[in-house]
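Chemist: Protein sequence lines, in the order shown, are assigned to chains A, B, D and W.
Everything in the first sequence is counted per the numbering used here, starting at 2 for the first residue and increasing by one.
Everything in the second sequence is counted per the numbering used here, starting at 2 for the first residue and increasing by one.
Everything in the third sequence is counted per the numbering used here, starting at 18 for the first residue and increasing by one.
Everything in the fourth sequence is counted per the numbering used here, starting at 18 for the first residue and increasing by one.
No wet-lab data here; the hints were simulated from the structure.
Hints are not guaranteed to be accurate.
[As the list claims (entries may be wrong)] When the alpha-carbon atoms are kept at most 25 Å apart in a straight line, the in silico SDA-like pairs for lysine to any residue are as follows: (1) W/Lys22 to B/Ala24; (2) W/Lys127 to B/Asp25; (3) D/Lys54 to A/Leu49; (4) B/Lys330 to D/Gly100; (5) W/Lys54 to B/Pro83; (6) W/Lys22 to B/Val225; (7) W/Lys37 to B/Glu38; (8) D/Lys127 to B/Glu130; (9) D/Lys54 to A/Asn45; (10) A/Lys21 to D/Val21; (11) B/Lys21 to D/Val21; (12) D/Lys67 to B/His164; (13) D/Lys22 to A/Asp25; (14) W/Lys54 to B/Glu38; (15) D/Lys85 to B/Val225; (16) W/Lys67 to A/Asp280; (17) W/Lys22 to B/Leu37; (18) D/Lys54 to A/Asp280; (19) W/Lys54 to B/Glu53.
[Claimed, not checked] Cβ pair distances, simulated, as ranges: (20) W/Asp109 to A/Leu203: 48 to 58 Å; (21) D/Glu112 to B/Glu130: 24 to 34 Å; (22) A/Gly50 to W/Cys41: 52 to 62 Å.
Everything numeric in this text was worked out from a predicted model, so none of it was measured.
Every residue, glycine too, gets a C-beta built ideally from N, C-alpha and C.
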Amino acid sequence: MGLQRGVAIIGAGMTRFHHKIHADKTGRDLFVEAALEAMASVDNGIELGDIEALFIGNFSSDSFEHQGHVAALMADWLGLTPRAATRIEAACGSSGAALNIGVMAIASGLYDVVMVGGVEKMRTLTTEEVTDVLAMASDEVYEAAVGFTFPGLYAAMATAHFHRYGSTWEQLCAVSIKNHHNGSLNPKAQFQEEVIDIARRLGERRGMTFRDEMEFLRSPLNPVVAYPLRLFDCCPISDGAAAVIMASEEAARRFTDTPIYVRGIGQASDAMALHDREDLTTIRATRLAAQQAYRMAGLGPEDIDVADVHDCFTIAEVVATEDLGFFPKGEGGKAAEEGRTSLEGDKPINPDGGLKAKGHPVGATGAAMAYEMFKQLRGEADKRQVPDAEVGLIHNVGASGATVVVQIYGR
Amino acid sequence: MGLQRGVAIIGAGMTRFHHKIHADKTGRDLFVEAALEAMASVDNGIELGDIEALFIGNFSSDSFEHQGHVAALMADWLGLTPRAATRIEAACGSSGAALNIGVMAIASGLYDVVMVGGVEKMRTLTTEEVTDVLAMASDEVYEAAVGFTFPGLYAAMATAHFHRYGSTWEQLCAVSIKNHHNGSLNPKAQFQEEVIDIARRLGERRGMTFRDEMEFLRSPLNPVVAYPLRLFDCCPISDGAAAVIMASEEAARRFTDTPIYVRGIGQASDAMALHDREDLTTIRATRLAAQQAYRMAGLGPEDIDVADVHDCFTIAEVVATEDLGFFPKGEGGKAAEEGRTSLEGDKPINPDGGLKAKGHPVGATGAAMAYEMFKQLRGEADKRQVPDAEVGLIHNVGASGATVVVQIYGR
Amino acid sequence: MFTVKDYRDALAEGYLLASKCRRCGAVQLPPRPICPKCGSGDLEAFKAPKRGRVAAYTVIHVPPSRFKGEEPYAVAIVELLEGVRVSGRMLDVSEADLRVGLEVEADFIKLGEEPLLCFRPLKHP
Amino acid sequence: MFTVKDYRDALAEGYLLASKCRRCGAVQLPPRPICPKCGSGDLEAFKAPKRGRVAAYTVIHVPPSRFKGEEPYAVAIVELLEGVRVSGRMLDVSEADLRVGLEVEADFIKLGEEPLLCFRPLKHP
Ligand SMILES: [Zn+2]
Ligand SMILES: [Zn+2]
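Pulled out of the complex, with its shape left as it was, chain A reads as follows:
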C-alpha cells in the first residue's frame, strides 16, 4: 500500500553552516534562525499557528551542549508550544530520518502542515572530543573500542574500494575540488573558496607555492587524518541548523503555487559495524533505500537531474554515486575525475558544495539537503543553479551506513 496522501515542501530555510561565526549562539538560537527563514520563504505567508507538529533531527546535543529533549526546547524557543515536538536521531542521518517521519505524519492524516528541522552545535568541543562523540555513531563495543574513528571507517572503505576497483586517491581529490568549487558559489556554505585559492592563501603564509591543486593536496598542508584520507577528504566540524515546512498536497496549494512534491521516500538499515557488512565497498542501505524511493516515484537513477549525496568523506560521495545507480559500480571515482558530477556535468552532485564545503552540523544535514532541492527545483539556486532541474534526490547517511534515507522530489 502506498502513501495515503501526497506531501509537498512549501518552505525551507537554513543558517549558514560554519565553524566560527556561530560561536556565540546555542543550538536553540541556530534553529530559530533557520525556522524563521523557512517561514519567510513560504510564498503566500504562514503563521506559527499553521504548523501542527515539529520533528527535529539532532545527533547528540547531549554531548555537545549537555542538553537532551531538544525538540521540545526548539518548539519552546520558536514559540510553537503546545504543538507536538519530537526529536529523531539516526546519527548523521538524523534529519533525513526526520524528513521521512514528517512525510508519514502528514500522509497518516493526523497533520496537514509540519515543520521538519535539524540542528547541531558542535563547536563547543575540541576536535578530539568531537571525534569521540562521532565515534558513538559506530558500534561502541566492536569498532570504537579498538580505535576506529568515523574518518577511519570511511578510510577503511576507501582501501577496500581502491583494492577492488583500482580507484585512486587522486579521484577522491576531484570530488573535493569540485565540492569546494560549488561551495564558492553558495552563500550558505562554510567554505566559499576554491581549493586552488586556499592553496595560494595558505602557501603565501608559509612561503610555499603550488603548481596546482594536486601539489597542494599532496603537501603537508593537507595532513593525513586517517590514511588514505587527508584533511581535504573530510567534511569539517560545523555549527548550523536547517528547516523545511511540509504540507499535504491539498494544504500546500494554500501556501504556494510552486510547492516541491515528495515523489518517493526510502529508508534502510544495515549492520552497525562496518566489518559486518556484506561488501565493504558498497553501502547496501543506500541501494535499498534508493530502490524504495525510485519505486514509489516511478523513476530511476537516469531521471534524477540533481542530487545531494552524503559526502562526509570524499570516498562516501564516490560510493554513493555508484550505489544510487548514477554510475556503474567501481566507476564513481572515474566519473568525478571526468567532471561528470560537476555543475556542468551530466549528473550534477552536491551543487551546494556538499558536506565537504557546505559543512556538516550532523543533525542538520538531511534537512539542509531538502533545503537545497527546494531551491534547485524552484530555480532559486542562483550561481549554483543546475539548469532546468525538475527532479532532485537527497541521500542522507547515518554513520558508516547503518542508516540511509533517500527522498526524491519533483516540481
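Since the structure of chain A is provided, determine the placement of chains B, D and W with the ligands on it from the hints.
Modeler: Chains B, D and W with the ligands alone, transformed into the frame defined by chain A:
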C-alpha cells in the same frame, strides 16, 4: 482529518525492570530480550520478516553507554536489518513519542506492521551521574545551571500544589504505598514488595520497628531527596526494555483474534523550563494531549477503565490524575488517599506498580505502559488484573512536562 | 534577535535581561527571539525587576555531580512580575523559613566561571 | 542467549567467541542472540580461528580523546572465515607494509582495564 487507517497492537513484551539483575547486559541485550518476548506473544506467530520498520525510544544511550545511533544497533542485533530503524527521543517520554510515530507510520500506508520499543541501560553510572544526565531533560541554561535536578522540579511542583490546594505529603505517601502494593503483584516489577514489608526488613537490620507505613516513611530510612520529596516519592534508577508490535487493523487480523485497538492518540509540548509554565500545579501538555486522544477516541475520562500514568514522582501521579480529568483539580491526592486509584477503586491507576515500583528505565517506559494495557485489556494481567477492563489509557511525560503523549486503547 | 548569550552576559553584569513584545505587550524572561504569545519578532529589551516572591521551591539533598558537596541547597522559582518567573538558587534562608510567598531579591554571583542567579530573602527595614 | 559480555569475557581469556546457527549454518562473530540470516535463536558457540587476512585498514592520525597520544595507530578489518570479519588494532606493522590481503594473527592484550583485540602480521617460518 483523522487517521487514514486504524492501528492495533498485536504483541507486547518486556524485560523485568531492575537495578541489579541486568548488570551484565548492555542495552542491545535488553532490547532483544523484550523484542523476542513481544514476538512470542503474537497469537498466530510472527516472523522477523513480517516487521517492516522499527522505532526505538531512548533517552540518552550517549551518556549511559557512549553509544548513539541505537535504533540501527537494535535492528542489527535483533536481526531486523535492512528494515528502517529510527530512534525517537523525548526525554522520559521517548517511547511514548515512538508509539505515536508507530501509529502514524502505519496510518500513512507506508507500513503494515512495525515494532515500537524502548530501552535504557542506566545502571552504568553512579546516582549523582544519573542525576546529571536526567537534568539534561530540563532546560540546561535556565534550570539545570542554577541547581535544579529532575526530582527538584517535581518537588517544586509539589510545594506549589500543597500551597494552592492544601494537598499533603501524606497523600503522596498513599500513592507510593498503593504502587508498591501493585508492584508486589507484578513479576516484571523492579520492587515486588509492599512498603510495610520493606519497613519490616530494613527495620530489622537496624533494630528498629515501625507501627505502620507512615512511621517508616517519616523515619530517616526514607531520606529526603528533594524537599518535600523523599526516597519513596521517587521512582528508582532502572535498566530495562519493552517492545510492542503494531499493525494496521486489516493486517492485525492475520496475527490475532484479540488485537488491542489504538482508539486515540495525542501529543503536546510546553515550555522546557518549569518556571515558564502558565500554572505550576498543572501539566498543561497532559491536558492538551488527553484532549486530542479523547476526541479521536470519542471518549472521555469517565470511560477509562484502567490507566498507566507517569508517576516518576508521587506528586506526578496526583497531578496526572487531575489533568487527565479523572478527578477535579486539586483532589488527586485526596482520591489516592481514599483508595479510589487502587486495583479495587473506581479508577485503578498504575496496576503494574507504576514507575515507582515497576521501575523507570526512562526510554522504555512508554512502551512498557503499552505492554501493560495490552495485558490488561486482553485479561492477561493475572494477579494485578483490573476486572472487565475494556478501555485503557497511557500517559507518558518527558521531563517536567515539556512533552506529553497520551494513547487510548480498546478491545 | 535575542540569544541565550545576551541573557548570560546580562547576568554576569548583574541584571536580569527580559524582553517585551511591541505587538501584544507580553513579557519574556529570559528574552526570546519570538513572542510565544503572538509570534511577533518585534521585541524590546528591558531590565526585569530584582524583587519578587517565591512561587515554588525545593531543597536538593541529592545533587547532580557538578554540585556535589554543596547539598543540601535550596532552589526556587520566583515570580518577578505577574506571570513572569525565573529559577534561581536560594541563599541565606533556612529550610524552615522557606515558603511559597516569601519576598526575595535577586543577587548575581559567580560559580567558578559561570554566572549564577541567586535570590535572598528581602530584609524589611 | 549470547550477550556482549560473553564476547568480552572471551576476549579477556584470549579467544574469539563466535556463534553458528544450528538451523542455517550461518556464522556470527561476535556471537549474537539471533541469526541475522534466518532469524533462528538456536545458535551454538565456537572459537573463531585466530588467523585471517586484512580486508580493509586505516592509520589513525587524529584519534578520539581516549586514544590521544597513541597516534598514529593502525586499525584493520580482518576476514577470519569466508565473509566473517572483525575489527582490531594492528600491531607490529609499518604503514608501508600494511595492505589488503596481508595475513595476520589475533592477539589479546589489555588497554588499561579493557581487553583489546589486536592483530599482528603472520610470520612465515
Ligand atoms: Zn506578542
Ligand atoms: Zn540461521
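Chemist: Now look at each hint and say whether the structure bears it out.
Modeler: Right, here's what the structure says about each hint:
1. Between the alpha carbons of W/Lys22 and B/Ala24 the distance comes to roughly 10 Å, so the proposed pair stays at or under 25 Å and holds.
2. Taken as a hint, the W/Lys127 and B/Asp25 pair is honoured in the structure, with Cα atoms around 20 Å apart against an allowance of 25 Å.
3. Between the alpha carbons of D/Lys54 and A/Leu49 the distance comes to roughly 11 Å, so the proposed pair stays at or under 25 Å and holds.
4. Taking the CA atoms of B/Lys330 and D/Gly100, the gap is about 20 Å. The hint holds against a cut of 25 Å.
5. The hinted pair formed by W/Lys54 and B/Pro83 meets the criterion: a straight-line CA distance of about 11 Å does not exceed 25 Å.
6. The hinted pair formed by W/Lys22 and B/Val225 fails the criterion: a straight-line CA distance of about 36 Å is larger than 25 Å.
7. For the suggested pair W/Lys37 and B/Glu38, the alpha carbons sit about 22 Å apart, so the restraint of at most 25 Å is met.
8. Of the supplied pair hints, the one linking D/Lys127 and B/Glu130 holds, its CA atoms being roughly 23 Å apart against a limit of 25 Å.
9. At most 25 Å may separate the alpha-carbon atoms for a hinted pair to count; D/Lys54 and A/Asn45 meet this at roughly 22 Å.
10. Of the pairs offered as hints, the one joining A/Lys21 and D/Val21 holds, with about 17 Å between alpha carbons and a cut-off of 25 Å not exceeded.
11. With a CA separation close to 41 Å, the supplied pair B/Lys21 and D/Val21 exceeds the 25 Å bound.
12. A threshold of 25 Å between alpha carbons decides the hint, and for D/Lys67 with B/His164 the separation of about 24 Å falls inside it, so the pair holds.
13. As the CA atoms of D/Lys22 and A/Asp25 are separated by approximately 6 Å, the hinted pair is consistent with the 25 Å bound.
14. Of the supplied pair hints, the one linking W/Lys54 and B/Glu38 holds, its CA atoms being roughly 20 Å apart against a limit of 25 Å.
15. Restraint check for D/Lys85 and B/Val225: satisfied, since their Cα atoms lie roughly 16 Å apart, inside the 25 Å limit.
16. Only pairs whose Cα atoms come within 25 Å are accepted, and W/Lys67 paired with A/Asp280 is accepted, the gap being roughly 22 Å.
17. Using a Cα cut-off of 25 Å, the hinted pair W/Lys22 and B/Leu37 holds, with the two alpha carbons roughly 19 Å apart.
18. Of the pairs offered as hints, the one joining D/Lys54 and A/Asp280 is violated, with about 54 Å between alpha carbons and a cut-off of 25 Å exceeded.
19. Of the supplied pair hints, the one linking W/Lys54 and B/Glu53 holds, its CA atoms being roughly 16 Å apart against a limit of 25 Å.
20. The hint said 48 to 58 Å for the Cβ distance between W/Asp109 and A/Leu203, and at roughly 36 Å that hint is violated.
21. About 26 Å separates the C-beta atoms of D/Glu112 and B/Glu130, a value consistent with the hinted range of 24 to 34 Å.
22. For the pair A/Gly50 and W/Cys41, the supplied restraint of 52 to 62 Å holds, since their beta-carbon distance comes to about 56 Å.
Violated hints, listed in ascending order, are 6, 11, 18, 20; each of the other numbered hints is respected by the structure.
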